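Number of protein chains: 2
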Amino acid sequence: MSRSSVTKRPTIVDVAAHAGVSTAAASKVLRGAYGVSPEMKAKVQASMKALGYRPLASARGMRGRTYTVAVVVADLHNEFSSLLVEGIRRECERQKYRLLVAPAGSGKDAQDRMVEDLIDRAMDGIVLISPLGTDAELEELAKKIPVVVLGRHGASPEFDSVAADDFAGANLVVDHLVSLGHRQITYVNHTTTGTNDARLPEEVRVRGYVDAMIRHGLGDAIDIIQSQWSQEGGEESGRLILSRKERPTAVFAGCDVAAFGVLTALWNAGIRVPDEISVAGFDNIFTTSLAPISMTTVDQSGLNMGSTAGRLLLERVGGRAEAVNSSVLPVLVPRGTSAAPLLEVGKG
Amino acid sequence: MSRSSVTKRPTIVDVAAHAGVSTAAASKVLRGAYGVSPEMKAKVQASMKALGYRPLASARGMRGRTYTVAVVVADLHNEFSSLLVEGIRRECERQKYRLLVAPAGSGKDAQDRMVEDLIDRAMDGIVLISPLGTDAELEELAKKIPVVVLGRHGASPEFDSVAADDFAGANLVVDHLVSLGHRQITYVNHTTTGTNDARLPEEVRVRGYVDAMIRHGLGDAIDIIQSQWSQEGGEESGRLILSRKERPTAVFAGCDVAAFGVLTALWNAGIRVPDEISVAGFDNIFTTSLAPISMTTVDQSGLNMGSTAGRLLLERVGGRAEAVNSSVLPVLVPRGTSAAPLLEVGKG
DNA sequence: TAAAAAGTGTATAACGTACTACACGGATTC
DNA sequence: GAATCCGTGTAGTACGTTATACACTTTTTA
Chain P
248 MSRSSVTKRP TIVDVAAHAG VSTAAASKVL RGAYGVSPEM KAKVQASMKA LGYRPLASAR
308 GMRGRTYTVA VVVADLHNEF SSLLVEGIRR ECERQKYRLL VAPAGSGKDA QDRMVEDLID
368 RAMDGIVLIS PLGTDAELEE LAKKIPVVVL GRHGASPEFD SVAADDFAGA NLVVDHLVSL
428 GHRQITYVNH TTTGTNDARL PEEVRVRGYV DAMIRHGLGD AIDIIQSQWS QEGGEESGRL
488 ILSRKERPTA VFAGCDVAAF GVLTALWNAG IRVPDEISVA GFDNIFTTSL APISMTTVDQ
548 SGLNMGSTAG RLLLERVGGR AEAVNSSVLP VLVPRGTSAA PLLEVGKG
Chain F
248 MSRSSVTKRP TIVDVAAHAG VSTAAASKVL RGAYGVSPEM KAKVQASMKA LGYRPLASAR
308 GMRGRTYTVA VVVADLHNEF SSLLVEGIRR ECERQKYRLL VAPAGSGKDA QDRMVEDLID
368 RAMDGIVLIS PLGTDAELEE LAKKIPVVVL GRHGASPEFD SVAADDFAGA NLVVDHLVSL
428 GHRQITYVNH TTTGTNDARL PEEVRVRGYV DAMIRHGLGD AIDIIQSQWS QEGGEESGRL
488 ILSRKERPTA VFAGCDVAAF GVLTALWNAG IRVPDEISVA GFDNIFTTSL APISMTTVDQ
548 SGLNMGSTAG RLLLERVGGR AEAVNSSVLP VLVPRGTSAA PLLEVGKG
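So the sequences go chain by chain: P and F.
In case it helps, this note's numbering puts the first sequence at residues 248 to 595.
In case it helps, this note's numbering puts the second sequence at residues 248 to 595.
Please note that the accuracy of each hint is not assured.
For chains that are exact copies, the list does not tell them apart, and a pair is met inside one copy or across any two.
To be verified - Straight-line Cα separation of at most 27 Å, DSS-like style, residue types lysine-lysine; simulated pairs: (1) K391 to K343; (2) K275 to K355; (3) K355 to K255; (4) K391 to K255; (5) K492 to K290; (6) K343 to K492; (7) K255 to K492; (8) K288 to K255.
FYI, nobody ran anything at the bench for these hints, they're computed from the structure.
If you're wondering where the values come from, they're calculated on a predicted model, not measured in any experiment.
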C-alpha cells in the first residue's frame, strides 16, 4: 500500500490537508469565492500546484458549474459551422471555459436528443446553430439551461440570439447582379421537409431575393428552384436549369455548397462561367476563395458571430437575465463567377 | 410548494419510490446489471418512462461510466478530420454512446491541456487524431484512460491505433506520376517545429516519396520543400517552385490543402495545370472532387478509419486489455491535375 | 465603549448514482 | 434432512465538490 501517491488522483480534501486548512476553504479558493485572505489563497494554491490537483468536473457538476459549454451542430462538414465554432471556442478559452462540439446529425429529433444529452451531462450552457423547432420550444429549453441561438432570426425575450441579416445579404447579391446587367436571376432555395419556420436563414434569404427582384422591377422574372443546400442539391438544380429552353443569365444559390453543385453541373455541361451564366453563393466559406473557383458570395463573418454568441452565453451563465438579440450585417464579396451577361435577355 | 413536479428533475430515488422498490434495484435496471427479475425490470422501466427519468451523467461519472467519449482534434477546418469524426460518431451512436468533439487548437501544449480537461470531465475514453508527443507519453496516458490513436504510425502494446499506410500511399502517387512520364517530381513536406516524430503521417509520407523515387532510379531528382500543410504553406511552396530556373514537371503535396495552395500559386502565375505542371495531393478531401479542381489525390477512407477507431475505443471501455493496431491501405484517385508532361526534362 | 458590521475560517449536509455486502427464500446437492 | 448454491432484492456507504450555516476575530459605527 505504499503506492498511494501514484495510484490515486488528489482531491480537494487532499489539498486542504496538505495546506492545513478546511476543505471548505480550499473550495473557496478554487472557485475564487468570497471570504479568503490573501495568505490563505496563496497557501492553498501552492498546495494545489504541489499535488498537481485538478478539480473533477463531474463532482462539481453535481452542486455547481462544470465550466463546460457545448455547441450543437448538425454537420461538421459545413465549413461555415466550423467558423462559428472557432469563434465560440476563442471566447470560451478567453474566459477559462471549455467548449465541446456536439455533432447531432440532421433532423429535429436528433437535435432534440442531443440537447437532452447535453443537459444530462451538466453543461453550463449551450449554443444552438440554426436549430429547428418553434420559439415556444426554444423558450421552454431556455428555462432549463442558458441558451444562445445562432443563425436563426427573430428576437425572443427568453433567450439570446445572434444572426446575420440574411435579408440584407440576399439583397446585396441581387443588387450586384442587377447592376451588372442581369435580369433573369434564378434562385436556388433550401426546403426543409415538415418545418416551415419563417425564422430560419433559408426562409429569410429567399424573401430577400424576392424583395430585391420586385424592388428592381423584376417581379415577373422571379424564379425559385426548390432544392436542398448540398452539393447534390446544387448539381440537380444546375441540371434542371440547363434542361430548360430559356436559361437565366445568373444563378444565385442561397448557400456556397449548393452553389458549388451548380458550378459543377455547369462545368460538366461545358457552360462557361461567368461568360454564359454568372453564379453567386452565400456564406463565404473558405473554398470559395480558391483561385480556380473564385466564387462571388456574401460574407457574414462567422468568426465574429461565433465569438459574440460565446460572450452572450457566458454572460448568461454568469447570471444575466434579460435577453440580448444581436444582428450582424453581411458584406458582398464579388469574385470571378459573376460578370455582365453576354447578351441581354430583357423583356418588353 | 405545490409545483414540486414541475420544478425538479426526477432522480433514480424518485423512480425507485414510484416503482415501490429500492434505489439499488432501480440502478440495476438502469445499468442492465445482473440480479433483476423480468417483473422488476418491467416495473422499473415503466416508472422511468412515466416520470420522464434521465440519468445524470455527472453523478454516474463519480462511480461508473458517463457513456461519453471524446475525440481530440486540432482543427475543425480540416475536412479530413471531419470525415474521421463522422466515422467515430456513427459507431458510438450504434452503441448508445455519445461522442463529443474537443477542438484543442494546434500545438502540443494545447492538445495536452485538452486531454487533461477531458479526463477531468470523466470521459469514458478518448480518440486522438494525429497526436503529438512520444510513445511513452501516450502510453502513460493510456494507463489513465482508454485511448485510441488515429492517424499516427507505430504499434504500441499499450494503446490501440488506426492508421492508413501513408508509406504505400506516397508510393502510389510517385508510381502514378512516373508512369505518366514524370521524372522531376517535387515533394511539399510538412515540418513540425520542435517535434520530429518518425510516427507522424508527414514523416512516413516523405519517406514513402523518397523510397519510391529511389526505386524508380530517380534518387538524384529528389526535391523536398520544407513547408507547412496549409493553404499558405502551399502557396509559398508554389511561388518558390516558380522562382526557380529549372522547374519540376510535377508537384506532389503531402496534403490536399497544401496542394490547393500550390494550385493557387500556379494559377495566379498563369501556369496551366496539368499541361505545364502536374499536381497531386493526399487525403481525398471533398473539395478535391469539385469539377473545376478535380485534383489527383490519395484516398484513405476516413469514414472507415473513424468507425474502426470508435469500435476499438468502445471495446477498450468495455474491458479489452490487449492492444489492437489496425492499418488501412489507401488507394490512388487519379483526376484532372495530373497528366503526361509536355516535354521530357530527362537527365543524361 | 458598546453594538453592529465586516472579514475570515470551519463543520457538515447535500448532490445523484454505483456497487459492495449482505439477507432471504427456494432449489439443488450429497 | 442438513448443507450448499443460486436468484433476487435491500441497506448503506462512497464518489468529489459546493454551499449553507455558523463561530470567531477584527474593524467600523453610533
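Each hint, compared with the structure:
| no. | hint | in the structure |
| --- | --- | --- |
| 1 | K391 to K343 | both (23 Å within a copy, 24 Å between copies) |
| 2 | K275 to K355 | neither (41 Å within a copy, 31 Å between copies) |
| 3 | K355 to K255 | between (43 Å within a copy, 25 Å between copies) |
| 4 | K391 to K255 | between (35 Å within a copy, 10 Å between copies) |
| 5 | K492 to K290 | neither (81 Å within a copy, 66 Å between copies) |
| 6 | K343 to K492 | neither (59 Å within a copy, 52 Å between copies) |
| 7 | K255 to K492 | neither (75 Å within a copy, 63 Å between copies) |
| 8 | K288 to K255 | within (25 Å within a copy, 36 Å between copies) |
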